[in-house]
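Protein chains in written order, with my numbering: chain A, 1 to 506; chain B, 1 to 506.
Some hints here could point you the wrong way.
Since the list can't tell identical chains apart, any single copy or any two copies may satisfy a pair.
[Claimed, not checked] Derived pair list, reagent style SDA-like, types lysine to any residue, alpha-carbon separation capped at 25 Å:
id, residue 1, residue 2
1, Lys435, Phe379
2, Lys435, Arg323
3, Lys499, Trp465
4, Lys79, Asn506
5, Lys435, Gly322
6, Lys57, Ser492
7, Lys499, Val458
8, Lys378, Asn506
9, Lys203, Ala221
10, Lys435, Gln325
11, Lys435, Pro384
12, Lys378, Gly329
13, Lys378, Ala428
14, Lys378, Val458
15, Lys120, Gly176
16, Lys57, Asp422
17, Lys79, Ser265
18, Lys378, Lys435
19, Lys378, Ser433
20, Lys178, Glu199
For the record, the hints were derived by calculation from the structure and aren't laboratory data.
Protein chains: 2
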Amino acid sequence: MKSTAYRVVRRTQTSSSLFPLFPNTLRYVYGKLVQYDGFERFEWKHSYSRVYEPQGKYSPEGIFMSFEHYNVEFRDRVKCISGIEGVPLSTQWGPQGYFYPIQIAQYGLSHYSKYLVDEKRTVSVLEDAESRDTARWTVLDPMDSQVDNVWDADAGSRVISFNSLDSSSGVNLPVGSKLFFLSLDLRFISNASITVVLEAKGKQPQLFFVHYVCSNTLISADGNEVFYGIGDQRSHWQTLSRDLSTDLHKGLALNRGRSKKSRPSLMRVVSLSLSGRGRVDNITVSSNSHLPQFHAAADWLVRHQDSRGGWPIHVERVLANGRLQLPPGWYSGMAQGQAMSLLVRAYSHTRNQGYLNAALRATALFDVASGNGGVLAKFADNYPWYEEYPTTPSCFVLNGFIYALIGLYDLQHTVTDDRGADASRLYASGMRSLKAMLPLFDTGSGSIYDLRHFTLGVAPNLARWDYHTTHINQLLLLATIDSDPLLSETASRWAGYMKGHRAPHN
Amino acid sequence: MKSTAYRVVRRTQTSSSLFPLFPNTLRYVYGKLVQYDGFERFEWKHSYSRVYEPQGKYSPEGIFMSFEHYNVEFRDRVKCISGIEGVPLSTQWGPQGYFYPIQIAQYGLSHYSKYLVDEKRTVSVLEDAESRDTARWTVLDPMDSQVDNVWDADAGSRVISFNSLDSSSGVNLPVGSKLFFLSLDLRFISNASITVVLEAKGKQPQLFFVHYVCSNTLISADGNEVFYGIGDQRSHWQTLSRDLSTDLHKGLALNRGRSKKSRPSLMRVVSLSLSGRGRVDNITVSSNSHLPQFHAAADWLVRHQDSRGGWPIHVERVLANGRLQLPPGWYSGMAQGQAMSLLVRAYSHTRNQGYLNAALRATALFDVASGNGGVLAKFADNYPWYEEYPTTPSCFVLNGFIYALIGLYDLQHTVTDDRGADASRLYASGMRSLKAMLPLFDTGSGSIYDLRHFTLGVAPNLARWDYHTTHINQLLLLATIDSDPLLSETASRWAGYMKGHRAPHN
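With the rest of the complex left out, here is chain A (with noise of 0.2 Å):
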């Protein structure tokens, strides 16, 4: 089978400038280097609260802010990669896991903005069923279980062939690569599978096993072996692509807890084997991948969105020590803002005008108010705000809001026709209000998270300093589009506080 476009693109970039968009202001790196995976790593943990100088002006086709810094997966609320969706879960809110639009958006820019990014990527072709052969293969019994490489109409290729009456044997292809990011297309006939086999580094070598299996669970783990629902509608060739060392941590930390003891350090990957029936083709392992990602996102996207252009999120969301609540089911206008900017990119990226619709379908919520179940909140009665927890009454969080404008910003500066009127209007009114209220975030040595303290009269919530980076990074960003001053003053002026300086007194 022909690797889809967007596989097969980037295969043999590579570069050493890893970390093209340092700003000049950036004096210090934070994090650390860790060994895992069998790589030395350096683990970007606070890398989402530096301050990043933009280079040039914002695109809505270029990396989403400083979002290639971002490591979203990476992250503890991150439940897993759900093998059916290709998303994150979050367990941020709820212990249950919930498909949550602000990270899915949040996972596609950074895998798109990474992919932006000259990344040094390194593949591994371990099967593509061109050489007519199953040379590669072993089979453990074969009364039990046969591979072979046919011809496939649907695929219009070579593929190879498996069937495995006894699932605990099944077909095996040595890998022994230290790259742990393994995709393939795939078609099951039966009910198949796939198992990966992993080893780690410790006092005796250790071996993990990640198995894909036919079913709508989405996780389980029991000691070494992790399973991973891939669903069962796989009978037509599809693409799996798995990050096997975020599978296997993810699958670990449920019975183990999420501390840093628990994380083996991956060494190679063993083995792959398949049980059941069915054809597999374009198997390779690779050092990482973005694409696929990015892509999974944006269906995702596109699927799941409802009849009122939203993604409705189905988790309860309470706010201020129980005084604000939302009730499963509301929308968010940070999400929807960052469903923009994501669709619009994969719009860019593939000229798919499903993601345009998706897209433009997208602003209606930004004039329905909180109160009726959409995102408009009104500041002092005068100045609209796309809330990103749309409570009553309103809370006015500013990362949220500003995600919206540039999620707006990205819609109607690629839609230049009569479509992009709503997003053109909703953008412009929001930046009239964010240039009204911003300085009513500024304490004189920080920023405010929200306005809370306006609607419920209690003391201001204090930005911690990761979000008063990200504020800055909007502003930066704003100021590229728009050349007020007050936005590169404020970016300034909130940087400063970082260094101790303060607003003066009277």
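Mind docking chain B on chain A? Use the hints.
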């Protein structure tokens, strides 16, 4: 002559309870013991930056906030107490000196509040002419000068008559007292003057001369001599009340600057001499006096209220590095409010309707927008705000607004009939604004002086600690008359900031 009622009423009252209003939470008293004017004094230099927990419900007839601790005339920015008007002149924004209604109202309110507090008062009667002789007086040159004890029909009592052809000699009353507040009734027949001789401590005892002369010159000084013009309209009986220590020090400061070292340590009043032609009676010196200053301020407000009910301020005011300007002739919502608070107390104390009518007329400018010469601003086109400085754009000074609200409260609480309807309405809508907007002044570690950052898009203008404590004292006052927990909780949180408490971050 009988003394006027208010000058005798507290003549014999003494009390050792100098500080009855100290809250339990006040652990330290800042200031220092100093020796001057023959007394050991505790200087309350920072007293108005202390938090004072109210001891009971605020009353429009009672102490004004914690103004019993204020010493308006002591401030460097007070040029002197006018000999004609009996009220302070400010040099805060204009070195020429000008009558600033806020300062005048605060002068009156502080003296009224001090009067209500049981301060020890010692009075020595130097001359009341009831002895029917002039035994206490000396005449240097009987050819030039004479002194008599006579019946005065206008005064309805015996008085001292003096006549001195040579203004350098005159008639003399030895004093020898350590009491530095002078009061006398006088009627000048020709161009007369009064000279007080004061002795100060030094390597060698030093003499100083304070002259009260028939002229319209405000103040002048030459060496050890200070001159106050008391006007040329003194042909009817009037009372002259002067704080000799303040008068001397303000005069010396004209030439010697304002440093502490230039302040002589007064030992005693040596003598009082009269020249020209006129009559005097009821000459006393006392340790302090407050009702004359209170009435001088209230009477000044009645005399100088204009046809719009306001007290125009005849000095340019420039704020925010020149970005906000008020040309001379502006009105201040704070001046209007503080005047109301003073006039209501003057009415309550005297039942003179003139005071109340002036207070009622003072509300009119609260309904006139800043742009039209009034004091009314609107925050976000929604919340009315009575501006201390009615600039365009608005600046929303918090403490000035609350003083305006307290004035409106005083008035609407005192006038319970229809005449108080405007004050009542203005107070209610102002309190709505205050409760809505108060959180916007909270930085999580202090308070903000105004909202210029909102209107100008600049850094917040943080309140220094003495304004922060003013905010707290104002909120504590309001909390005694309005049970909304926002007021008391904000005051409590803001007091916590002074002890290092901080609002939480997310």
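Here's how the hints hold up against the structure:
Taking the closest pair of Cα atoms, Lys435 and Phe379 come within 25 Å of each other both inside a single copy (13 Å) and across two copies (15 Å). For the identical chains of this complex, Lys435 and Arg323 are inter-copy neighbours only, at 18 Å across copies versus 28 Å inside a copy, given an alpha-carbon limit of 25 Å. Taking CA atoms no more than 25 Å apart as the test, Lys499 paired with Trp465 passes in both settings, with 12 Å inside one copy and 23 Å between copies. Taking CA atoms no more than 25 Å apart as the test, Lys79 paired with Asn506 passes between copies only; the shortest distance there is 23 Å, against 50 Å inside one copy.
Taking the shortest Cα distances, Lys435 and Gly322 sit within 25 Å of each other only across copies (22 Å), while inside one copy they are farther apart (30 Å). In this homomeric assembly, Lys57 and Ser492 come within 25 Å of each other (Cα to Cα) only inside a single copy, at 17 Å, whereas the closest approach across copies is 47 Å. Taking the closest pair of Cα atoms, Lys499 and Val458 come within 25 Å of each other only across two copies (19 Å); inside a single copy the shortest separation is 28 Å, beyond that limit. In the homo-oligomer, the alpha carbons of Lys378 and Asn506 lie at most 25 Å apart only across protomers (23 Å), although the nearest pairing inside one protomer, at 32 Å, exceeds that limit.
For the homomeric pair Lys203 and Ala221, the shortest alpha-carbon distance inside one copy (23 Å) is at most 25 Å, but the shortest distance between copies (95 Å) is not. In this assembly of identical chains, the alpha carbons of Lys435 and Gln325 lie at most 25 Å apart only when taken from different copies (23 Å versus 28 Å within one copy). Taking the shortest Cα distances, Lys435 and Pro384 sit within 25 Å of each other both inside one copy (12 Å) and across copies (22 Å). In this assembly of identical chains, Lys378 and Gly329 lie within 25 Å of each other by CA distance solely inside one copy; the values are 22 Å within and 38 Å between copies.
In this homomeric assembly, Lys378 and Ala428 come within 25 Å of each other (Cα to Cα) both inside a single copy, at 15 Å, and across copies, at 24 Å. In this assembly of identical chains, Lys378 and Val458 lie within 25 Å of each other by CA distance both inside one copy and across copies; the values are 19 Å within and 23 Å between. Taking CA atoms no more than 25 Å apart as the test, Lys120 paired with Gly176 passes inside one copy only; the shortest distance there is 20 Å, against 97 Å between copies. Taking identical chains as interchangeable, the C-alpha atoms of Lys57 and Asp422 lie at most 25 Å apart only when both belong to the same chain, with a minimum of 23 Å there against 55 Å between chains.
In this homomeric assembly, Lys79 and Ser265 come within 25 Å of each other (Cα to Cα) only inside a single copy, at 20 Å, whereas the closest approach across copies is 78 Å. With identical chains, the CA atoms of Lys378 and Lys435 are at most 25 Å apart both within one copy (14 Å) and between copies (18 Å). For the identical chains of this complex, Lys378 and Ser433 are neighbours both inside a copy (9 Å) and across copies (17 Å), given an alpha-carbon limit of 25 Å. Within a single copy, Lys178 and Glu199 get their C-alpha atoms as close as 10 Å, which meets the 25 Å cut-off; across copies the closest is 97 Å, which misses it.
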